[in-house]
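Student: Going line by line, the protein sequences match chains A and B.
If you're matching positions, the first sequence starts at 1 in the working numbering and goes up one per residue.
If you're matching positions, the second sequence starts at 1 in the working numbering and goes up one per residue.
By construction, these hints were calculated from the structure, which means they are not laboratory data.
Honestly, I wouldn't trust all of these hints.
[As the list claims (entries may be wrong)] Partial chain A-side listing against chain B, Cβ under 10 Å, derived:
no., residue
1, Ala65
2, Ala66
3, His75
[Claimed, not checked] Taking lysine-lysine and the BS3-like style, the derived pairs with C-alpha atoms no more than 30 Å apart in a straight line are:
no., chain 1, residue 1, chain 2, residue 2
4, B, Lys245, A, Lys102
5, B, Lys121, A, Lys55
6, B, Lys150, B, Lys100
7, A, Lys102, A, Lys155
8, B, Lys121, B, Lys150
9, B, Lys233, B, Lys245
10, B, Lys188, B, Lys121
11, B, Lys43, B, Lys100
12, B, Lys233, B, Lys100
13, B, Lys121, B, Lys100
14, A, Lys129, B, Lys236
15, B, Lys188, A, Lys129
16, B, Lys245, B, Lys100
17, B, Lys245, A, Lys55
18, A, Lys129, B, Lys150
19, B, Lys236, B, Lys100
20, A, Lys102, A, Lys47
21, B, Lys150, B, Lys245
22, A, Lys55, B, Lys233
23, B, Lys233, B, Lys188
24, A, Lys129, B, Lys43
25, B, Lys43, B, Lys150
26, A, Lys129, B, Lys100
27, B, Lys188, A, Lys102
28, B, Lys121, B, Lys245
29, A, Lys55, A, Lys129
30, B, Lys245, B, Lys188
Small disclaimer: the values here were computed from a predicted structure and weren't measured.
Each residue gets a CB set at the ideal place from its N, CA and C atoms; glycine is no exception.
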Amino acid sequence: MKRIATTLVVLGLTAGAALAEVTPNDVAYVDGAIADSLTGVAGNAEKGREILTSKSLGNCVACHAAEAYEDISFHGEIGPMLDGVGSRWEEAEVRGIVANAKMTFEGTIMPAFYKTNGYIRPGDAYTGKAATGDLPPLLSAQQIEDVVAYLMTLKDE
Amino acid sequence: MKTKLLSTVLGTAALSALVFAAPVLADEEAELIVNGELEIVTKTAAPAHLSDSLDEILSGWRFRSDGTQTMQMDDFDNPGMLGAEVGLDQFETSMGSEGKACADCHNGPESLSSVRATYPKWNEGAGEVRTIQMQINDCLTTQMGAEPEKYDSAAMLNFEAMLAVAARGTPINVAIDGPAQSTWEQGKEMYYTRFGQLELSCANCHEDNYGNMIRADHLSQGQINGFPTYRLKNTKLNGSHSRFKGCIRDTRAETFNPGSPEFVALELYVASRGNGLSVEGPSVRN
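From just these sequences and the hints, can you work out the full model?
Tutor: This is how it looks when you write it as structure tokens:
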């Protein structure tokens, strides 16, 4: 009985593998980098720019400035400027940093955007109330891919 | 003619829009003198316990825009002073079943001029570290037979504003050793704990990144020598615990409540990071 159940689970996994997203708990970091796409669907750089510069989405602009999106007001100065980031880093490294920068830079202030647990007093978004169970990641797998796609267009001239 | 007038108007409108769009940078080198005579220390050497992390400590006043800074330089321009006046009225009003006012035991707020700079403070009889508000509630309930006030209520903050004015210009000097030490240690641990889904500690922003912009906000050292604080954002006096609550909430964490033991400990620790800065409440902030 137990063996049948295991077999079914394995079959299910194999069948879903081509399309399934890599869940936050299953991401494989190698020296902080994530080699493969989290979704198998190419990122959309235009959407990535929107996510990166919107307060309600990634809000990366709160901490990172760049001439590439100078049309957006109030760039933060907590993290490094993002111009040329696509020349300085490989795509796998950028994906790893966006998903969980602490895997690349130990102790960095940068929040992990693709993580659902392991927090101290996790809250239910900005309500101040306790979370119930695992949290949704700050960005979805495809949103991570979109941001990575946009960042990779920011090449040194 | 009409066209030219219109374009001038449009030009002016565009210019105003620009002015509002650009972050207003603070003059971090400005000096605070209230009413042209009372010198306030807004920058000084860090206390010894911070020697590994900071060389100097800076009041939040230094990080605010010129306009906000100016409001605090004259008591007639400082909206927080209205709260201090109401606080004095409360001080002289009989409350509770004993028919007593604060003023019946305390000889004017001047007699309490050492309070703001030295709280939170160990209370030997109670065997705990007490904030000013805890002490006021003790007076209200055990001496005056009155109901306790809610933590960070308007009435509490009016009392705090009155006590801050009585102590204004004196250096913050909270004790961190002796019986208060374990509470201080608890507060210190909280200060460096990375709360919530954003995994941010107080130190991430206010020790490692003060002076930097986070979006349109100019990060200060998070000093609390200016509390209670009149915020232009909500046009009222604000208590430090309510501010802590908002900060921890904004890390996407389950926050703590004003008056909780955790925030009492955090207040003692954060206050101690400002040992040497002047009491400057009620301050004006954005």
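Student: Find the hints from earlier in the document that the structure breaks and name them by number, from lowest to highest.
Tutor: 2, 5, 11, 12, 16, 24, 25, 26
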